[in-house]
Each structure stands twice: as C-alpha cells, then as structure tokens.
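Student: Build out the structure end to end from the sequences listed, making use of the hints.
Number of protein chains: 2
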Amino acid sequence: MNGASRAAHFGAVAALVRSITPHSLRDPHTGMMQYSASDPKIPTAAVTVEDAIWIHRLTQTGQRVRVHLAMEAHFEPDADSADVMGEIVGREKPDEVVVIGGHLDSWDVGQGAHDDGGGVMAALEAVALMKKLGLQPRRTIRVVFWTNEENGGRGGVAYRKWAGLQVSKHIAAIEMDGGAEKPVGFDLAPGNRPGWEGIRDRATAIGELLKPIDASNVAPGEGEADIEPLMAEGVPGFGLRTVAARYFDYHHTQADTFDKIVPEDFRRCTAAMAVMSYVLADWP
Amino acid sequence: MNGASRAAHFGAVAALVRSITPHSLRDPHTGMMQYSASDPKIPTAAVTVEDAIWIHRLTQTGQRVRVHLAMEAHFEPDADSADVMGEIVGREKPDEVVVIGGHLDSWDVGQGAHDDGGGVMAALEAVALMKKLGLQPRRTIRVVFWTNEENGGRGGVAYRKWAGLQVSKHIAAIEMDGGAEKPVGFDLAPGNRPGWEGIRDRATAIGELLKPIDASNVAPGEGEADIEPLMAEGVPGFGLRTVAARYFDYHHTQADTFDKIVPEDFRRCTAAMAVMSYVLADWP
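Residue numbers (numbering that gives the first Met the number 0), protein chains in the order written: chain U, 0 to 283; chain H, 0 to 283.
Think of the hints as simulated: they come from the structure by calculation, not from any bench.
Keep in mind that this is a model prediction, so the values were computed, not measured.
Ideal Cβ positions, reconstructed from N, Cα and C, are used throughout, including at glycine.
Treat the hints loosely; a few may be bogus.
To be verified - Below, a sample of chain U positions facing chain H; criterion: calculated Cβ distance under 7 angstroms:
#	residue
1	Glu49
2	Ala254
3	Asp258
Tutor: Rendered as structure tokens:
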C-alpha cells in the first residue's frame, strides 16, 4: 500500500506491484495505495502475476528490463457521495440498533459483483425477508450501504459521525464484504457494550441456527472495513465469512462480474445475514 | 468459424462470438474465421464469456443492446514464412521417416506457451535426448516446426508439398498441439502404410513403455492439424493427448504464457514424444 513511497525514498521513478491473486489469466488487480507526505509522489501500477514473473525471470538472467508506463489514473477533487440507509424500527427498544450492510462503491474495472454488490444486496434481501415474514424485532435493524469503502472508507466514517451519541446504543454491526460465496459463518470482534459482554456465546448460539446451511462457525476476527469506526467505539463487529474459494481470482478485476455469483451461495449469505441480525436484534 | 458469413446472410452488419472456454476472467479468446465467397464480409469479433452472458441477460429482459465495435484487425498481403526442420538420419533405412513436431506460430495475444511453444520444444527436446543418449534409430526421425498453423495451416501443406514422393516413405507423423499439460497418451489415426497395418498394436505396445509416467493410453483419434496433409496421404497420424485440465483456460488468450507450463508435465510430454517416435523409427 505504501510501496510507491518506499520505492521513491530509494530513488525510484515509478513502482510496479505484482497483483495479489492465487490464479491469474493475466488480469491486473487494482487496489489502494497511499503516498507518504515526505517522499516524491511517483506513478505506481499493478502488473499481472504473469508479467511480474516474466520481468523477474528476465532480471534473474541479467537482462535489463525497460517498462513503458502509460497511465490515465489521476486524482480529482472530492465530490459529494452518500451512504444509503433504511431500517425496520424495533418494537421494544427502537433506539437500540443492529447495523447490517456492505459498501456501495467498487473498483471501476469490473461490475463489483462480489466486492461488494453481493454484500449490499444480501443485507437488503435480509431485511426484505423479515418484512415478507412480518417480523419486527425488539431492536431496530438498520441496513446501511456505505459509500467510498475502496478509496478511503469515508462512508464508514461519515456513518459513525452521523450516528453521533446514538453509537452507544449500537449493539452490533454486521458487514458482508468478502464476496457472495458459500458462507461458513462470522468473524466477531466482541467490543465492549454493557450488557453484551457475553456476545460471543450469544453469537455462537445463533450460529447453531445456521447449521442446516453449514454456516455456523463464529470465530474471533476483526470485522470489516466500513464498521471499523463503530468497532473503535466498542460496538461488536461481525464480518460474514465464506469459503473464499474464488474471491481473490475476481477481486478488484474486470472479472468481478454478476455471472460469478452463484445464486444458491448468495441465498445462503442472505440467510446468514438475516438470522444473525434478527436474533441479535430480538434478543430478550 | 463461418458465423460472420452466416450472420451476414441474414443481414447482420457485424457478428460477435462468445469465447470458448470453461473458465473465464473476462479474457477474450481469439481464433480463426472464414468468409464465404457469396456473403458480405462483415466485421466479427470474440467477446468474453462474461460479456456474452451480460448481453444475453439484457436481451432476455427486452433491453436493446448497442455495441460499439472498434477493431484494428485487418488482412495484410501474404508474406514468406518457413517451416524449420532438423533430423537424425536413420542408420538402416534413412529414406523412411518418422516426423515429429508442433507449430511455430501462435496467436498474437499471449506468448503461445501452450499453443504451441510447448509442442515445438518437446519435439526438439525429444531428439536432443536421443542425441545425448547416443541413439540412432533404424529410420530417420525428422523434427518439423510447422509455420502458419493458426491462420490456414499452410506450413503443413508446404511440408507435404516439399516432401513430394517421399511422403510414401513416411511411416508416422506425430504432433503435439494440445498444450504441455500432463500427458495421458496418444490419439492415433492408423493410415494405410504397407507393412504398418498393425500400427495400432505396435503403438499400444510402445504405450506400455510409458506406463511409469501414466501416459500409456493409445486411442482412436484424428491426429493434429499440421499433419493432416500427411494423413490425407495415408500416413499414420499421432496426436499427443494430455489431461487437458486448464488448456482451454489459456488457449488463444493473453494468458497463454510461459509461467503456465509446469516443468514436470513438460518433461513427461518430452518423454512421451521421444519414446513413441524413437521406438516407431527403430521398429525392426
């Protein structure tokens, strides 16, 4: 992420990074980078695994490799964007909130189907399912589509800022941002909400409800990017976890397209998001 | 292959073909096409599997899909090219020939590592192995790197023309053009060479020698493209067959690069090519 600045520090005029993926068909993978304040801001780009191997092979045999770098990437001034929200108001404690969601933005190269179209749609379908079943939990369930996750996470920061003091009444934040493959369960950072010290046990018990779809695993983890500002305030953070068999083949590439979503897997993700958020929100 | 002409016949102004591959990361797969004499010569291009699915999905929902087609492909006048040959002259019957080889050309998008760099290199390494072992078979083994396989097969035709009457003394033609994955054996079109009516039994017996590398299977087949002009004259034609697990992921794309060649698999291909060609050429 800071490779360009590190390279510039040692005199580089540009930096190339090998795309991070287990399986390449010569697709470059985009991603975030950050310049340090003190080093020259040099161009940096991702090359495919194949080209990185090729360049390495050439240099290993003592050949001088010249790369012609033509890039159109540039920064534009900040512009307004928005988080999108909706909620089912709790029937007993409407001021206590379980947040579920994903992020609305994606890299420009593909459609962002797994990252994170699947996440926002699963969160939306989860509450749509509750509406369809006529379920209203004790606490409020708020669906949030965060904006600007990929390029700075400012949608997550904006949500936390908007929520203000209400954050102390957030009892859980659940994000799906690891693709819509077959889910296995949730990672959980337990936070420090009073009355919710036993959230790991509760989450594990709720996980049992997901055994029929093999998504019962609740393991220690770090949540997801958009809910970080909430977790920093002690809100328990959940990240949906999947088998992650192909996610990084598609991640941040032109190949992250709708056809890669397996409907059965997506439905299981929806079920996992619905069950975890509903039962937490309805906890007596 | 004749889709553009068929489409033009019905009034199309351009034709798109869905790339043929079991596994796509939005890579288009190039390939051959042929215009009929009687229909308008319209532009035609391959689109990725993803884009084909997308277009299909849009049309299924009644949407009008407009495609902006910008292509640089064009025909240039014919230019000279050459087959490349070398041989180990037979010690008893130098005029009788076993041909082994692959094709030297490839599509421009990748490096042509599997199609057919692996084939030409395995054929070369096969005879290099014989030289290294000091082996000189009874008959001549001729390595041929055919040119222009992808765009008309004129290297194969030129070889047949060059060989002239000597073709009647060709007792086998062995081509590797299915990628350098783990070999399983050979396809064989038995031809009609006098004295070689039993070539299937002989090939099966030779296949047994390849059991230690699991490449013993000899099955009925159609040879390969460059040896077709020889097979048309009754020369028995062999095509090396592999597990073909990934070949069509890479075939005719930018992803057909050297890193996709697994050295162990390549060595097995070389061994299979060496054993089949040598024992046939040395048959008493």
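Student: If a hint holds in the structure, say so; if it doesn't, say that too.
Tutor: To see whether the hints hold, each was checked on the structure:
no., hint, result
1, Glu49, "holds (5 angstroms)"
2, Ala254, "holds (4 angstroms)"
3, Asp258, "holds (5 angstroms)"
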